[in-house]
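Participant: Given next are the chains, with one letter for each unit.
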Amino acid sequence: MLAALRCVIARDLRLAARRSSDVLTVVLFFVIVVSLFPLGIGPEPQLLRTVAPGVLWVAALLASMLALGRVFAADHADGTLEQMMLGATPLGLVVAAKIFAHWLVSGLPLVLISPVLALQFDVPRELLGVVVLSFALGTPVLSLIGAIGAALTLGLRGAGALLSLLVLPLYVPVLIIGAGAAEAAASGLGGNAQLLLLGALLIFAGAFAPWAAAVALRISVE
Amino acid sequence: MSINWFKYSSPQTFFPLAGKLALGFGTLALVACAVGLYLGFFVAPTDAQQGESYRIIFIHVPAAWMSMFLYVVMAFWAGMGLAFNTRLSGMMASAIAPTGALFTFIALWTGSFWGKPTWGTWWVWDARLTSELILLFLYFGFMALQAAIDDPRRADKAGAVLALVGVVNVPIIYFSVKWWNTLHQGASVNLTKAPSMAATMLAGMLIMAFGFWFYSIAAVLLRARCIMLERERASDWAAQYARTAA
Amino acid sequence: MNWGSLDNFLAMGGYGLYVWGSYAVTFALIVTELVLLVLRKRNAVGRIR
Numbered sequence: 486m487l488a489a490l491r492c493v494i495a496r497d498l499r500l501a502a503r504r505s506s507d508v509l510t511v512v513l514f515f516v517i518v519v520s521l522f523p524l525g526i527g528p529e530p531q532l533l534r535t536v537a538p539g540v541l542w543v544a545a546l547l548a549s550m551l552a553l554g555r556v557f558a559a560d561h562a563d564g565t566l567e568q569m570m571l572g573a574t575p576l577g578l579v580v581a582a583k584i585f586a587h588w589l590v591s592g593l594p595l596v597l598i599s600p601v602l603a604l605q606f607d608v609p610r611e612l613l614g615v616v617v618l619s620f621a622l623g624t625p626v627l628s629l630i631g632a633i634g635a636a637l638t639l640g641l642r643g644a645g646a647l648l649s650l651l652v653l654p655l656y657v658p659v660l661i662i663g664a665g666a667a668e669a670a671a672s673g674l675g676g677n678a679q680l681l682l683l684g685a686l687l688i689f690a691g692a693f694a695p696w697a698a699a700v701a702l703r704i705s706v707e
Numbered sequence: 028m029s030i031n032w033f034k035y036s037s038p039q040t041f042f043p044l045a046g047k048l049a050l051g052f053g054t055l056a057l058v059a060c061a062v063g064l065y066l067g068f069f070v071a072p073t074d075a076q077q078g079e080s081y082r083i084i085f086i087h088v089p090a091a092w093m094s095m096f097l098y099v100v101m102a103f104w105a106g107m108g109l110a111f112n113t114r115l116s117g118m119m120a121s122a123i124a125p126t127g128a129l130f131t132f133i134a135l136w137t138g139s140f141w142g143k144p145t146w147g148t149w150w151v152w153d154a155r156l157t158s159e160l161i162l163l164f165l166y167f168g169f170m171a172l173q174a175a176i177d178d179p180r181r182a183d184k185a186g187a188v189l190a191l192v193g194v195v196n197v198p199i200i201y202f203s204v205k206w207w208n209t210l211h212q213g214a215s216v217n218l219t220k221a222p223s224m225a226a227t228m229l230a231g232m233l234i235m236a237f238g239f240w241f242y243s244i245a246a247v248l249l250r251a252r253c254i255m256l257e258r259e260r261a262s263d264w265a266a267q268y269a270r271t272a273a
Numbered sequence: 149m150n151w152g153s154l155d156n157f158l159a160m161g162g163y164g165l166y167v168w169g170s171y172a173v174t175f176a177l178i179v180t181e182l183v184l185l186v187l188r189k190r191n192a193v194g195r196i197r
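Chains as they are written, first to last, in this note's numbering: chain A, 486 to 707; chain B, 28 to 273; chain C, 149 to 197.
Chain A extracted, bound-state conformation (with noise of 0.2 Å):
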């Protein structure tokens, strides 16, 4: 069974690969949507380093809604889905591992990204592990939520607004814990309980959403 989820791993990054362009796209929107906002609130350093962290991860939320839509659909339109619903391995370990690929395209590149975009606000040095770390156990978080709404719009005509309305909310308490971690780490308080609440959202949400996604899957195929 893990040489099954290996096989699905593999090839939904093969296939990512093949199509970078998608990929580099939800980096660039990334790196674009933290740069206007300066130009629409003012160069002020001061002004800029306290909405640093919110303004990165208000942008992570919006990159990642971008990158939602392909995690079900390219498969969905010709017919592997299907394939992968009447399989052997269990849709909910075929669906993580779904997940997973779809986050080390297109949640990985932006925690890694993070830390040059917080200099860019002139983030203080001591902040930007937090602000990874942040975004490294948050990240997977918004690919699991996502993939829920995801499955649900499957096929849908104006799936992707539609995906944004039905996510967005759900996203906020990461937004929140997430966003958080930095700024009490920046006011001395330490970002140790936002980090450990953004692990147990990683690990609630890694143990429910697969099946919440699968389940929606099934709905959204019959």
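To be clear, the hints were calculated from the coordinates, so they are not data collected in a lab. Accuracy of the hints is not assured; some may be wrong.
Claimed, not checked - Examples of chain C residues lying across from chain B (beta carbon under 10 Å, computed): (1) 154; (2) 159; (3) 178; (4) 192.
For glycine and all other residues, C-beta sits at the position ideal for the given N, C-alpha and C.
Use these hints to put chains B and C onto chain A, whose structure you have.
Facilitator: Same frame as chain A, now just chains B and C:
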């Protein structure tokens, strides 16, 4: 005598029952609201700190309670429909959503109108109002998802998954927003509970809560009847009803 | 609570806009909901016929 627990689980039998219940609860709602408003405006005294503006509480708090209660009930029926594959449960969940969204909006509007004279701004980002706002988005998401799916069975089940995911998230959202609010205490004002309410204020508020509850039941049942007529329009009982209806 | 006069009642101690703004909108929304339901039912019955 054995009780048939499932007598009313088909649209055909539930339809007339829903009509009678709606009428009954609607009447009760009118009575309760009349009593509650009388207590609220003619018995309850002026508040020492907030003057007369506090009288918004007789709508604001009951509406907020209903908005949260209806979401849970909606999730319950959605879950029932998903678990037991019953059509009527899904119809109930769909019937509840617009009324729930309505009360959420009323809670937000009255909260805003209460906040303006009390704290000077039309909106405060305190934990409860912010959570209400997100709850409104959750309701809209549910309705939008169901509207986007043509097949009613798929719409019911998809909505059910969304509602259940939502109901699990509502406590998480509430606590994270509450935490966010306390951390940023300096920026926003804490929406105080109306400080130690006079007994008449509390009574008025509770009776209004019952009034809103009865109204919700009536409105939801009326909407459920509409949904039954729409979905079951090919059936005999619906045709018969259409013939004999006024 | 003795308001003394209708004017006092409407003024709500200076907070009339907020109190009646809230109650009016609430009342309007509930009436709207009920009207929409009546229309919806009429529509549904019409479609069956």
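Participant: Does each hint hold? Answer for all of them.
Facilitator: Results of checking the hints against the structure:
1. 154: 12 Å, violated
2. 159: At about 8 Å, which falls below the 10 Å cut-off, the nearest Cβ of chain B leaves the hint on residue 159 of chain C intact, so it holds.
3. 178: Hint on residue 178 of chain C: holds, closest Cβ of chain B at ~7 Å, below 10 Å.
4. 192: Hint on residue 192 of chain C: holds, closest Cβ of chain B at ~4 Å, below 10 Å.
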